[in-house]
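> Residue numbers (our numbering), protein chains in the order written: chain H, 1 to 400; chain R, 1 to 576.
Bear in mind the hints are in silico, worked out from the structure with no lab data behind them.
Just to be clear, a hint being listed does not mean it is correct.
Some chain H residues close to chain R (C-beta under 10 Å, calculated; not the full set) [stated by the list, open to error]:
id	residue
1	R92
2	H116
3	E122
4	E129
5	I151
6	N152
Cβ atoms here follow ideal geometry from the backbone N, Cα and C, with glycine treated the same way.
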Amino acid sequence: MDVNGVCRACGGPLSRGVCPTCNDQEASREIHRDIILLTVLTLLAIGLFVGTRWMANSERRLEQREANAWYVRGSQELRSGQVEPAIESYRRALGLDRNNRGFALSLAGALAAGHHLAEANEALLRLRESDPEDAEIDLALARLNASSGDINDAVHYYQNALYGRWTGSQIDARRTEVRFDLIHLLLEHNERSRAISELLILAADAPPNSDSRVSIARLFLQAGDAKNALKYFEESLHTQPHDAQLLEEAGRAAFDVGEYAKAQRFLSAAEKRVDKSDSAELLAATRTILDADPLAPHMSKAERKDRLLLSFDEALKRASACIGQQPTNQTTSEVTSLSGAAENARAELKKSRTLPDSDAARSEFEIVFRLEEAVNAACGEATGVNLGLVLLGRRHLGAQ
Amino acid sequence: MKAFDFGQRIRVRESQIFIFIIILIGVFAGLAAVLFSLSIKFVTVFFFGIDPAPLRVLLVPTGISFLSGILLWKYFPEARGSGVPQTEASYHLNQGNIRARVPFGKFVTGVLCIGSGHSMGREGPSVQIGAGLASILGRLFRLSPERGRSLIPVASAAALGAAFNTPIAAVLFALEEIIGDMNAALLGSAVAASVTAVIVERSILGNSPVFHVPEYHFTNPIELIFYAALGVIGGIVSLAFSKGLLLIRAWFLEWPAKTRWFQPAVGGLLIGALLIFVPQVRGVGYEFVDQALSGGLLLRTMAILCVAKLVATIISYASGNAGGIFAPTLYLGAMAGGAIGVVVHRLAPTVTSTPGAYAMVGMGALFAGIIRAPLTSVFMIFELTQDYQILVPLMIANLLSFGISRHYQSKPLYRALLQQDGIHMPEAAKLASSAWRAEDIMVRQFTLLPSSMPIANAADSFSENGIRCLPVGENSTLFGLVTHDQVQQAIKAGLGNQPVSSIARKKFPHTHLDHSIDVILHRLEKGPGLLPVVDRSATTHLDGIITMQDVLHFVEGRWKEEADKRYAEHDGAGVS
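If we strip away everything but chain R, and leave its shape as in the complex, we get:
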């Protein structure tokens, strides 16, 4: 028997069982998504009954959010919010590793939060639960890190496919949003898992679509003007939602860390008060989206629900509850689109489609504007309507909404939410732009001034290192930056005995290991002369520092290497 390397055997074995693992992921992600959705429904009925009294409406979200807040704070901090950004971060920054407790924690807290009335969606949590289960499976089967990582987008596609019953859009979402690369080699696996999950979902819940969509008729080219207007309004609503969410969330994050455990309960109290007056914004709310699509809601109702849902979702999400923004996005789009549809249909009934068609296009426009996945948005609506005629109006509205949203807020919402949590995601374009990266240029051995060091002593460190700026912190944890000028001024002002942390700058440009030289030069120019290199998943963790001297030294070294190589080639050629 021919002996060969054990690693080779493992690779062969991985390839053989990979397809089984993909199908298992499809099955488990599909089951988890269905179970999650059913549990939310049961819990909602259990908490609220059919016609709850106002006091019950106020107390249920408050009390349950108090409980889930403790769970989220103490046991499952990764389960806060949607789950999509966390899944992206685990894929890009953590080799696809998700702690085993995360999917279970997300399931429990998600069911509690959404079931208790928070205006949040089930798709984002389903993605995180599916990805978490995939990560567990990857570890159980002892897959290589690269294979294990690849299971994350595959599971995301499966979970979303099952949660929303749109297998193609789910695959595109995994490529466009989770991986951030439409040319990803994982397409086949994602399709297989997504289709498996949808089969599981349909065999349990039946073939009924998520929404009963209206039959679409494109009546007149003039109507495209109205769809363009819908795109513009969709962009404005997207911006209002994104900016509002980030603003209120930043406000909650500014509260002392020790208040984190009861912040969800504060959100619960506000939501309970809102639900007394507008019960239609409770939970996922797809039944009302369905009614907007069928043209069964009044103009006034849709306008009120659009505003109320926007406020409710911002409160629910920003206060740190567990649940997604996928469903609220579609809800907002359906209400905004439906309201515009009613108005234009009244103004020009002969050249416009029914309000339901506008609600449908509105869903796509808001998805493109908020989630910033325009291709997924187009395919999602196409899968729901199965009608080619809707593509042109949909693309016009999506592009305008996407364009407006991107122009006024450059960072996509999921990325901005991660940034608020101190996680800085890489951008594919910047990663690919240069072969010279911060990890190659940075200096790993450097002086870190202890926070408690007196300013007078810090002055000596500057003269020892010969640089004009130094980092301040403890044990690789960056606290701030301090410059030579700051230290001199402080000494002159008689503050030499004060700790150096008292004068350290807290806000300064930084860079990450994967940033290219052009990003580094640009940020060095804006900074105090020193660029800290920090971890993407923990921006206070200092990996190294870069000064202009280091860049010049690195470039000089590379040129010298290059010159030596050419010289050697030339010399070699001469010999031969």
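Just chain H, same shape as in the assembly:
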């Protein structure tokens, strides 16, 4: 620009020493340059964005592959008993795929297997926070609490698992399996009534196959519900009538229920099918009960008298042995006193020319039963014939 009032560049007039034309042109060039720059940079940003997004997707796939590889490795290590390396491998897998429930569950399982129970519990609780309805997480927590002896929490999580949300196939079968686990746990901790409640539900829901019936029957027997046990053993015997073990177990259940005829039938059938039966003593007791029961129906009065005399003999023999073994104390004194009463009753019965009717036989047998119970208290539980007499007394006289 010129000091003479004329712009040297364009020849136009100057205003306050500045050329408005050149000034405008310069500003216009700057604006054009800015627009071009902004456009180029925007296009570059879009290109970079697309490229980076593609790269991010590839990276996700790569991470997934890596996570799976660590998971497989962890599973192999766990199978071969290398718990600590398995924990580490599962951790790596989970680190790469944080939302994978399966990885988290496996890690918790491995931690539990490595006796890191607190950490396993923490990991599972974290997982549960994200999905409180997930039955498998509850199941893992239940098993973990069961292994650490926390029965109440274990039962709580088992219940949650049973009524939680299951995914995948064979859901009913898996639920049944969980209930089996729960019942085993309850029985281990002597929670018989709760176990029987669960068993009743299980029996209603379980598939009607022989295996599950047998398992249910055994659990009923273990829980002390011999009546239901017998019912399910009998159902199973329809399909497996020659299974010696089943016959023996059914015999035991029948014996416990007091159905001695049925017990004898099952136990005899079992005895025929194996060389040496574990329940020979039980069968002997059953036979004794059936042969010596003075209160059995459909019996002549003469036979009833003979059976009563035999009962007195057996009870007195055992009482005499007990008094001889034990020092004198309150319980043996009671045995001595009841022995005396039994001796008198036996002598009177033997002398009597009248044969006892069922009411008289009942009161005579009550003396035998009281004597047996007293000997039980003084010298321990009865066996063989005496056991049969105790059970007969409990059955007929309603005593416990």
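Based on the hints, put chain R in the right spot on chain H.
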């Protein structure tokens, strides 16, 4: 058409396009941070595979560090280390100018170093890359120096926001750490860029947070005692890390300058050996932080990882590799906090939160203790947890950790690292304390004794200048100081023919152009009678000298000016 000044037009144009530039910075910084993170992951898998053999673990960091060491030595010396201190220095001392090659060099060397297993973070490099890109954009758009400078903290906030997915904490970090002033006028721009970067990051990587944080429950006020203990332990670990890093780095820096190119490889060899036994400390390591937060790590594991990470990060950083300390800080905090959490939870399970909550608070405590940005630390953890309940325990632990760390090491780590590199950053409080600064007081014309000058000749210079101490050096490069007494003693001892550099003092107080008069007086008192004024970014560059005489002369001059002004005012008032 009304004609107006071209400069005015430029200012108007700058204001109009500034918001577009801010958004572009947000986009580019966000993309760079994401790309950097993805590249590290790809390179790591490429270098190590899934289950590398021990020999590979040893050789990869050694070999790659050898390569990156050459790149860092020959082409990108500014790319060593974190990137945050360099960004601060460029903002405060270099008008925000960063060489165009720096962000690209940082990207490449950062990916190589972290990807090859060095225990370093990606946030610091992301900040430097973002700031470097912003500096390039500023130059492309021909912004004024002040505007160009202001892009640095804006880009830092954007890069950190994208790298860590915490936009608010990133803005606070830019204000608290980069600018050093929470009242900065750049808040709006920083927020805009940070939010843009986070949008870019989330649209690529999804909304998944960096960590899966535990649900926090504040169970009992007694628990605050445990958090206080965590704060104390956090402070001790912070100190161990900071002091250890500075010590080992100083040791590496003492090696001859010609060894600089292979120092990273030495670090690589040591890291490779460590990784064979503790592979969990490799790289950024956020997957293990995540597991500590979720309570999935054993007490013993966390204790081992805390110690191993501390050692690994010190080796990686001190040996001159490219990578940050932000992520290692959080890793250390998570492991230390998680371990303490396990212990207290076992001791008092009913009154304490889960170990994951302690890991979270531990991260904040270590961040406050090492990075010395307590406000950023609180907001960062708050953004991650989104839970108000964590604030009180977090603030207690942070304050204690910060207090302990500051008490035993007054200079923040980033500043101390810069100081080791010969860059002396200004302190905001000292800058503001006085209007009389060294640049006003110092003498620009002075005698600089050549290093090779015989001692006998130097004696004459003292008598010519009439002062008792003189600087020694060549062409404005300061070598040391020599006093009149030293020279006289040397002559008496028959050393008059020796070069003056042989008796020059190498350690002496110095000052910078922006230092206030109180700092100058304090340092003059401690020194030999002469205070060299040196450049902050190159402490061997001598800008001027100050003696007590100069200070007195300056003050006398100012008083005289003041008196003249008052007299004139008084005189004027009398006339009217």
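> Next, verify each hint and record whether it holds.
To see whether the hints hold, each was checked on the structure:
1. The restraint placing R92/H at the interface with chain R holds, with a minimum CB-CB distance near 8 Å, inside the 10 Å limit.
2. A cut of 10 Å between beta carbons decides the hint on H116/H: the least distance to chain R is about 6 Å, and the hint holds.
3. Hint on E122/H holds. Least Cβ distance to chain R is approximately 4 Å, under the 10 Å limit.
4. Nearest Cβ of chain R to the Cβ of E129/H: about 6 Å, under the 10 Å cut. The hint holds.
5. About 19 Å separates the beta-carbon of I151/H from the nearest beta-carbon of chain R, more than 10 Å, and the hint is not met.
6. The closest approach between the C-beta of N152/H and any C-beta of chain R is roughly 16 Å, which is over the 10 Å cut-off, so the hint fails.
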